[in-house]
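Engineer: So you can see what is in the structure, the chains are spelled out below.
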Amino acid sequence: MRSWLTTTDHKRIALLYLGTMTLFFVLGGLIATVIRLELATAASDLVTAETYNRLFTLHGVIMVWFFLIPSIPAFLGNYLLPLMLGAPDLAFPRLNLASWYVFVAGGVLTLSAMIAGGIDTGWTFYTPYSTTFSDSHVVLAVLGVFLAGVSSVFTGLNFIVSTHRLRAPGQTWMRLPLFVWSLYATSLILVLATPVLAMLLLLIAVERGLQIGIFDPGVGGSPLLFQHFFWFYSHPAVYIMILPGMGVVSELIPCFSRSRPFGYGFIAASSLAIAVFGFLVWGHHMFVAGQSYFASVVFSFLSFAVAVPSGVKVFSWLGTMRRGAIWLTTPMIYALGFVGLFTIGGGTGLALAMLAVDVHLHDTYFVVAHFHTIMVGGMLMAYLGGLHFWWPKISGRMYSERWGRIAAYLLFVGFLLTFLPQFVLGTQGLPRRTASYPEEYQFLQSLSSAGATILALGYVLPGVYLLLSLVRGRPAGDNPWGATGLEWHTTSPPPPHNFAVPPLVLVDPYDYPRAPQPTAEALDA
Amino acid sequence: MPDDVREPFADSQHQRDAVALGMWAFLGQEVLFFGVLFVFYTSLRVRHPELFAAYGPRLDWRLATIMTATLLVSSFTMALAVRFAFTRARRALLVALAATMALGAAFLAMKLWEYAHHFARGETPFVDLAGNGPGPGPHSFFGLYFVLTGFHALHVLGGLVVLASLWLVAWRTPAARLRATPTMAVGLYWHFVDIVWLFLFPALYLAARLT
Amino acid sequence: MNHDEHDVPAPKLGTATLVLLALLLLTATTVALAFVALAPALHVAAAMTIAAVKALLVAAFFMHLAREAAATRVVALVSVILLAILMLLVVVDITHLGGG
Amino acid sequence: MIAKPFDLLPAAASTTSGAVDLLIILVFSIIGAVSLGVLVAMVVFAVRYRRRPGHLTGAEHSSGVMWRTELLWCGVTMVVFLGLFLLGALGFGRIEQLPDDGEPLDIGVTAKRWMWSFQHPNGQRELSRLHVPAGRVVRLHLTSEDVIHSFYVPAFRLKQDVVPGWLRTAWFRATAPGTYALACAEYCGSEHARMRADIVVMEAHNYDRWLAQGDVDGPPLAAAGRRLFERLDCGACHESHLRRRAPPLEGLYGRPVALRDGSSVIADDEYLRRSILRPDADVVADYQGDVMPSYAGLVSDEELLLLVAYIRSLAHAEGVSP
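Protein chains in written order, with this note's numbering: chain A, 24 to 548; chain B, 485 to 695; chain C, 3 to 102; chain D, 2 to 323.
By construction, these hints were calculated from the structure, which means they are not laboratory data. Owing to the predicted nature of the structure, the values given are computational and were not obtained by experimental measurement. Note that the Cβ used here is the ideal one computed from N, Cα and C, for glycine as well. Check before you lean on any hint, since a few could be wrong.
[As the list claims (entries may be wrong)] Distance ranges between label pairs, derived from CB positions:
1. Thr608(B) - Thr51(C): 31 to 39 Å
2. Ser265(D) - Val646(B): 52 to 60 Å
3. His601(B) - Asn123(D): 55 to 63 Å
4. Thr608(B) - Val266(D): 31 to 39 Å
5. Glu534(B) - Leu69(A): 50 to 58 Å
6. Ala71(C) - Pro536(A): 32 to 40 Å
7. Ala523(A) - Arg572(B): 34 to 42 Å
8. Gly136(D) - Asp158(A): 40 to 48 Å
9. Val646(B) - Ile138(A): 30 to 38 Å
10. Leu69(A) - Arg49(D): 43 to 51 Å
11. Gly136(D) - Ile138(A): 55 to 63 Å
With these hints in hand, go ahead and build the complete structure from the sequences.
Structural biologist: Below, the structure is given as structure tokens:
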């Protein structure tokens, strides 16, 4: 046990992150099910309005900062980046362990805020409600999220330095796997956006704790200034959540189409473009908040510009599949689910970027459905796809393919039934974050709650058969999927220093025409 | 003799470059961390310029000039310390680090004296926030002043703690096995904290004259 | 490996002293300038340029940025550009409608 | 109200709703087409190019084809997005721009934690219910007394955040009589979900009759503003012809004002409010006297509404020569 808590091996730290994040995901998921049960009926009959407000706030805080942001970078990224770079470990192993401890400290603080009575400000902490009018444990939760931010900055630092300084001999930038490209773009955002959130959270604590007027309008402060700062972090933060998912899908689709990625340079460049443009569009959250007309038009234009690289990625994935040899394994089903639902999520984002349309749809269930489509439909599918794809490499064992496919299809259907009704609720004008709602929205809400139960079941399945595979799964061998990444050239699970002899990279990372045939077929359950 | 090389690096130069890149990425992040405070300053200044005209002169620009000079000299001694670390001049390193710490401590002492002075004159940032605040006033300006200089002072304090631990390690390690890279990293951090003050100084202390 | 000049990331005593004197001189100028009657915009511009020059001096010489690898310089530059973007757009919003 | 659960949009009931609905239908159909196209393409590829004995590896992509197709869909997406952006921005301009035909009906809206209170020009106050005539432009003067709320009427496709400390204006022109739901769209605390009100749109003549026999408990807005103007003795500077020591207020509202720093600004609600709270913010160009003391903290948001209403009522009085 002590060796695990003081390890500097990036693989063990990744597994520590996996365990902690899964606990937070389960907690966030349970809160979500209670919210959906409450919303199945029009009145606040399961929980009171105050409790409901605390529930949706905690669901937001836990899911955003303690699951979505760290999920792929801190688990898959920590485990795979050194392997994909042919390096024994990340640049600063001890900083990596420190990031996990800070993450756990942040989690403990946030949980203690929850136990002490929870917070009811929404994960956005809008002022002057959060600083002056809320009577919940804001300072405690704010410090918890601050520590989670610090932890993600440490991870970002590690990835940037490792990608620059620890690439294998012969591995030029254009020979990097696309997953490494997306991790690099993500860590640029992690390092450059999180400090704005960190300072903002401290300012909330200073204003609320020490009674120093900063954002309170009554004292010359400006709530809109708070919103500028919050969204300057939070929009790049949604790209922190989605870019690694795109990186995973850019690994899965070539592997299971048995062909090179279509437009490698375009996909890599679009990751960087999304990271850079992501910093310029935050104002589209404030179209109706009283932002000047001039600023709103500029932000609307830039928001459309940032959608172009995302479009390039989706079409490039389709190009990869064209005339490939498609092999519908569980990771591939999750990848295709990602592509489909990310297109819907991205499209509804465009609707919200249109100024006139946003006036009607802002702060309604349409927005709730939009970001859940991208987070649950996109990001979570990619995370599960990556989890199944690299599970043999991490555990050395194969999971049951049949159960994997059942869970994937179940999640896809459950997702559609849960969130498509919410799009219609939004256009009909139901504001978000409402504990009770008028009668006429009852039908669609109960439909959505039914879908949520399927989703909850769908998430339990992978937990079961993946853990079972640790005991009953067949040994997977070094390269069950016949993939071409450096991580498949070493044993599963890899030895402590990853490679017996540091690999030499002479060819591009997706040489599928000459890649070894997958051995997984013979192992099929 | 180069530093002893840690796990993933080929040689000490490779390791030094990596630490430099990591440190600069960390300082890039700090630029935005303090950047929020400077945007807050600009927002208050654009929306309530009369506050700066009214309460700017209350800040003692003479003391601030001395504090700026103190920090600049401490940056100078820190740069020398980094040079001595890499050339293994252990005694000179100890002296340079001690000088840097002394100047940093002097800066903090002046800062605390200034705070006490403001508190004594009732120029405090605290305000009754029961939602019906009395509108922008002295507490807004001094709120800005205390938050900006407060976060900077905390960073100076943090720097002093790290410098002290660096000094102890240098004291206990024979020149042969002394690692220079940590001194470089601490040096970068210390210079950055000085740069933040270079912008804080005109913004706050000369603000009154700038309206 | 001898300690050739290349791998010591700090200025020599001579350059360091020169840089320190320049910094102290610039501090004196910015204080003196503050008492000259100028239009407010000019005052702010002068103060900020002097502060920027001092910051560049510290970064280039004391922090050895002048001879660092390209990637390091890019990271430093990007963070300053992002801060400028945030500052610019917040100020534009405030002046247009008093919103920010 | 929503007749059937599957109606995509609530019945349009304001002049700008029609244009917004068209944009919504347009962008939804584009999203639908692209998403369907992607789903169909994936299914077709998965079946047609499925991996089977004899077809185990994918074909190579020629770089010429790759470059052309990548640049093609970059171009296509840019053009489509530019179009959507322009339509959105133009529509937004129309929503922001107050139509200038006829005299708008000015309603003071105050959002307080968990209720909406309205004030008609004649001083009539209403709580959680607002009567307005159909076919006439209603201009809303929105203030909040505590946290950020949001004035959202789905039927009018209208939403405007109400930020404490700032005076926001919004407008609508209802087309069909009826009762339309108003909801608070910005989370504002425990009763946020119940912070709703009804906008009752009536025929013009019914509205006049309702207004006449309605219990006019408060004196007309402008008259109340006048009394406050006198109580605060604003006239001492702004009005007396002999000791004129302040810019005249007659004929001021809505006209451009030249400022001392060379710029000029329209004398709208926000300008008047800012000048009362912070007189030195926009000092009038040709005015030499010392600047008026700030009234921040002395005048509540409600009273500011009354003062602004009074100055607005002076818009048509001929200016007394300074």
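Engineer: When you take the CB atoms of Ser265(D) and Val646(B), is the distance between them in 52 to 60 Å?
Structural biologist: The hinted range 52 to 60 Å holds for Ser265(D) and Val646(B), with Cβ atoms some 55 Å apart.
Engineer: Do Glu534(B) and Leu69(A) keep their Cβ atoms within the hinted range of 50 to 58 Å?
Structural biologist: Hint holds: Cβ distance 53 Å, inside 50 to 58 Å.
Engineer: Determine whether the Cβ-Cβ distance between Thr608(B) and Val266(D) falls within the hinted range of 31 to 39 Å.
Structural biologist: With a Cβ separation near 35 Å, Thr608(B) and Val266(D) satisfy 31 to 39 Å, so the hint holds.
Engineer: CB of Ala523(A) to CB of Arg572(B), is that within 34 to 42 Å?
Structural biologist: holds, 36 Å
Engineer: Do the Cβ positions of Thr608(B) and Thr51(C) conform to the proposed distance bound of 31 to 39 Å?
Structural biologist: Because 33 Å falls inside the window, the suggested range holds.
Engineer: The hint says 30 to 38 Å between Val646(B) and Ile138(A); measuring C-beta to C-beta, is that right?
Structural biologist: holds, 35 Å
Engineer: Go ahead and decide if the range 32 to 40 Å is satisfied by the Cβ distance of Ala71(C) to Pro536(A).
Structural biologist: Since the Cβ atoms of Ala71(C) and Pro536(A) sit about 37 Å apart, the hinted range of 32 to 40 Å holds.
Engineer: Per the hint of 55 to 63 Å, is the separation of the Cβ atoms of Gly136(D) and Ile138(A) within bounds?
Structural biologist: The hinted range 55 to 63 Å holds for Gly136(D) and Ile138(A), with Cβ atoms some 57 Å apart.
Engineer: Does 55 to 63 Å hold as the CB distance between His601(B) and Asn123(D), or does it fail?
Structural biologist: Once the Cβ atoms are compared, 57 Å apart, the range 55 to 63 Å for Asn123(D) and His601(B) holds.
Engineer: Determine whether the Cβ-Cβ distance between Leu69(A) and Arg49(D) falls within the hinted range of 43 to 51 Å.
Structural biologist: holds, 49 Å
Engineer: Given the hint of 40 to 48 Å, check if Gly136(D) and Asp158(A) actually sit that far apart at their C-beta atoms.
Structural biologist: Taking Cβ atoms as reference, Gly136(D) and Asp158(A) lie about 46 Å apart, which means the hint holds.
When the structure is compared with the earlier hints, no violation turns up for any of them.
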